[in-house]
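Q: Please arrange chain B on chain A, whose structure you already have, making use of the hints.
Listed in order, the protein sequences are those of chains A and B.
Take the first sequence: its position 93, counted from the start at 1, is 92 in numbering that gives the first Met the number 0, and no numbers get skipped.
Take the second sequence: its position 12, counted from the start at 1, is 11 in numbering that gives the first Met the number 0, and no numbers get skipped.
Any given hint could be a false lead.
[Said to hold, decoys possible] Derived lysine-lysine pairs resembling DSS-like cross-links, with alpha carbons at most 27 Å apart: (1) B:Lys10 / B:Lys79; (2) A:Lys124 / B:Lys10; (3) B:Lys22 / A:Lys124; (4) A:Lys92 / A:Lys220; (5) A:Lys64 / B:Lys22; (6) A:Lys124 / B:Lys74; (7) B:Lys10 / A:Lys64; (8) B:Lys10 / B:Lys22; (9) B:Lys22 / B:Lys74.
[Stated by the list, open to error] Among chain A residues calculated to face chain B with C-beta under 7 Å, some are: (10) Lys64; (11) Arg127; (12) Pro130; (13) Ile133.
For the record, the hints were derived by calculation from the structure and aren't laboratory data.
For glycine and all other residues, C-beta sits at the position ideal for the given N, C-alpha and C.
The lines below spell out each chain.
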Amino acid sequence: MVRRVAVTGIGVVSAIGLDRESFWASLREGRCGIRPMQSVPPGELRFSNAAEIPEFDSSRYFDLKEAGFLDPFAQYGVVAGREAVADSGLEWKQGLGENAAIVTGSALGGKSTEDEGYRQYYALKSTRFNPLTIPRAMANAVASRLSQELGITGPAYTMATACSSSNHAIGHAFWMVRNGAADVAIAGGSEAVFSVGILHAWEAMRVVATDTCRPFSKERKGLILGDGGAMLVLEPLEAAKARGARIYAEIVGFGMSADAHHITQPLSEGGARAMRAALRDGELAPEQVQYINAHGTGTPANDSTETTAIRSVFGAHADKLAVTSTKSMHGHTLGAAGAIEAAATILAMVNGFVPPTANYCTPDPACDLDVVPNSGRPAQIECAISNSFAFGGLNAVLAFRVL
Amino acid sequence: MSDELSQRVIKVIADTQHLPVEKITIDSSFQDLNIDSLDGMQILFALENEFDVNIPDEAAREIRGVREMVDGVRKLVEAKQTGSPASA
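Pulled out of the complex, with its shape left as it was, chain A reads as follows (with noise of 0.2 Å):
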């Protein structure tokens, strides 16, 4: 069984806003999300910027006792399972829980969960541990929790690939629905990077950016953390149709490799090795491509191998790209990012627009592809992709095709 996939529900929680319109909305007015950081006092770390996200009131969304359970991590990803469910406009009736699947990415879990635990232990000397650190703490406690909610059945469970987690999620889901294991999926990721313990690893690694995020700019100086969450849901596009839904895009195809190569050095045949599979995987041939959301970290190794690896992919068609990177606005959520992503890309296709590269300053000769500067355009997008390199090596791309 092979079935074409139709994108028909999509949630965002996100630095730029927090839900899918106020996301969209911040996107194509080129709006940078990235603002002095809030729970950290200022000092405490070499950078000073993020992607927070002071605005997302837990009680808006959660009663006292629900918030318990829930890093805010885990509540980025159900809300916007939330919103992607509603918005698709679903009925669990008829048995479809039971093949309905949920697959989540996220990097880190809960990661300030477990540093307030350490926290007791190493500072305070007490031994005494919230009884909920384990479930807030878990990577999967976003599948868990959607599951309960929504009496999903199915298949469920968390990838955990370091940036390129949820679109290794969504990859996923979509082979499953693809392949007929699951009639409908939930997929995405969420992520919550700002406690100080996790923020003082990050720091030692010497990627982030002491000012802002300048993907592909000459100035960049490395990523800016961010928190948030999407979720897609994915189902037949037959089934879509036949129940009158809004189908967003169709998802035709996933690819993934790895560089074996180092670490935290990319290689720009491992990214482009991923492009080729996901467009071989969707049938597409790379001149049908018109946009690629890209990966664009705004560390300087990433994004002149990146722009390798696109143009090796892409030949003389690379000239006819738009490339741009969303994380210049919504910060790098890193399990979520691909999430988050993939929203922008196919809310990019439905609405002819093209949102830009924010902060952009200087053309570098390594980056020389068009990164629609600072001001996002009108386009008409029939396919595009969106990047995920991970840490590690581990990559994920994702293509899509408006009907």
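A: Relative to the frame of chain A, chain B by itself:
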């Protein structure tokens, strides 16, 4: 029995479960209060902090209601005061 210790235990249960304190009496069972095993763990954690005692797993497993919880905590607090080993 509404001495200070039992009131403190009830207050801890109310706070951790986000219940109004008036809903909880010394005779309430956990079933009455819709408190499951995971909720129970949170209450034990909060009680350990409140009274600075360590509640052993075996004792914790037997507790089904507020009165048993108050009695258990009382024993532990008294044991701590007299310096004898806890045997709740």
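Q: Each hint: holds or not?
A: Here is how each hint holds up against the structure:
1. B:Lys10 / B:Lys79: Roughly 21 Å between the alpha carbons, so the hint for B:Lys10 and B:Lys79 holds.
2. A:Lys124 / B:Lys10: Roughly 26 Å between the alpha carbons, so the hint for A:Lys124 and B:Lys10 holds.
3. B:Lys22 / A:Lys124: Violated - the C-alpha atoms of A:Lys124 and B:Lys22 are around 35 Å apart, more than 27 Å.
4. A:Lys92 / A:Lys220: violated (51 Å)
5. A:Lys64 / B:Lys22: holds (16 Å)
6. A:Lys124 / B:Lys74: holds (25 Å)
7. B:Lys10 / A:Lys64: Holds, at roughly 16 Å.
8. B:Lys10 / B:Lys22: At roughly 11 Å apart (the allowed maximum being 27 Å), B:Lys22 and B:Lys10 satisfy the hint.
9. B:Lys22 / B:Lys74: holds (25 Å)
10. Lys64: holds (5 Å)
11. Arg127: holds (5 Å)
12. Pro130: It holds, given that the least Cβ distance between A:Pro130 and chain B is near 4 Å, below 7 Å.
13. Ile133: violated (10 Å)
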